[in-house]
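> Could you put the whole structure together from the sequences, leaning on the hints where they help?
FYI, our numbering numbers position 10 of the sequence shown as 10, with every residue one higher than the one before it.
For the record, the hints were derived by calculation from the structure and aren't laboratory data. Since we're looking at a predicted model, the values are computed, not measured.
Straight line, CA to CA, 20 Å or less: simulated DMTMM-like cross-link-like pairs of lysine to aspartate or glutamate: (1) K263 <-> E179; (2) K30 <-> D223; (3) K162 <-> D192; (4) K162 <-> D211; (5) K61 <-> E179.
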Amino acid sequence: MEYIENEYLKIGIATHGAELSSIFDKKRNKELLWQADPTYWKRHAPVLFPIVGNVNGGVFKYKGKSYPMSAHGFARDTDFELVKKDRNSVSFSLSSTPEMKERYPFDFQLIITHTLEESTIIVKWDIVNTSDSEPLYYSIGGHPAFACPINNGEKRSDYKVKFEKDSLTYSLIIPDTREVDYQNPSTLTLKDGVLDITDTLFDKDALIFDDYQVQKASLCTPDGKPYITLTCEGFPSFGLWSHPSPDAHYVCLEPWLGRCDNKGFDGELPEKYGEQCLEAGKTKTEQYQITIS
Numbered sequence: 001m002e003y004i005e006n007e008y009l010k011i012g013i014a015t016h017g018a019e020l021s022s023i024f025d026k027k028r029n030k031e032l033l034w035q036a037d038p039t040y041w042k043r044h045a046p047v048l049f050p051i052v053g054n055v056n057g058g059v060f061k062y063k064g065k066s067y068p069m070s071a072h073g074f075a076r077d078t079d080f081e082l083v084k085k086d087r088n089s090v091s092f093s094l095s096s097t098p099e100m101k102e103r104y105p106f107d108f109q110l111i112i113t114h115t116l117e118e119s120t121i122i123v124k125w126d127i128v129n130t131s132d133s134e135p136l137y138y139s140i141g142g143h144p145a146f147a148c149p150i151n152n153g154e155k156r157s158d159y160k161v162k163f164e165k166d167s168l169t170y171s172l173i174i175p176d177t178r179e180v181d182y183q184n185p186s187t188l189t190l191k192d193g194v195l196d197i198t199d200t201l202f203d204k205d206a207l208i209f210d211d212y213q214v215q216k217a218s219l220c221t222p223d224g225k226p227y228i229t230l231t232c233e234g235f236p237s238f239g240l241w242s243h244p245s246p247d248a249h250y251v252c253l254e255p256w257l258g259r260c261d262n263k264g265f266d267g268e269l270p271e272k273y274g275e276q277c278l279e280a281g282k283t284k285t286e287q288y289q290i291t292i293s
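Right, dumping it as structure tokens:
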């Protein structure tokens, strides 16, 4: 684990998965990131790469060949290399190997940097296509789980999520196949952008918001005050998820570039919903921010 801190926060990032594993709020004297109790979910804030969610049938197709791919890809379960650390930031890198290319036939480097700026954590991904001739097709996403509730005597269902809009459309995942039921969306009608976290909100898994609807979302204490705000400008999809049990004391705010396959999708990887394409030799930088208030 590598730690960086300032007068507001101390954060820890694990070499395994380059995963943000602790956000300690010095003002509150509290840990604000879910601490991975395996009873409900064994992770903190995994980076989803090179796939977000599931591919239909557990395989994707590229140039006529099928490749097995586990949910959310392999980066979260792979050790990264520490490449840079200073007072305010730490960077880890993962590069393709011959073994990886048996499952994912692309040359890449993924550099994940966490930077502290006062009470904000900037999570930056540099995706590098290290091929000199072939495009890189990928999806990437964040999956941070934040403590909810954060005070004794409170329940998760006392808390709220605040969005910037009063109406949002979302899709659900089909349990048996893990496909997105995009043809049967539902609508959330909110008052002042506020969604109550009820005990049944996550009974049908994640709520998936597409079409750039969610560019900012906040977790709020029972009095309606935000304590975590995630800003993800330019991200086309967003997931809201937790374990369905009311005793799972966390909520995930998930910015995505790409997601699970649509129901019935049987095409090749470049045709996958939300798939990203990076030309040979190019680098693409994406980032989102977590602000503690």
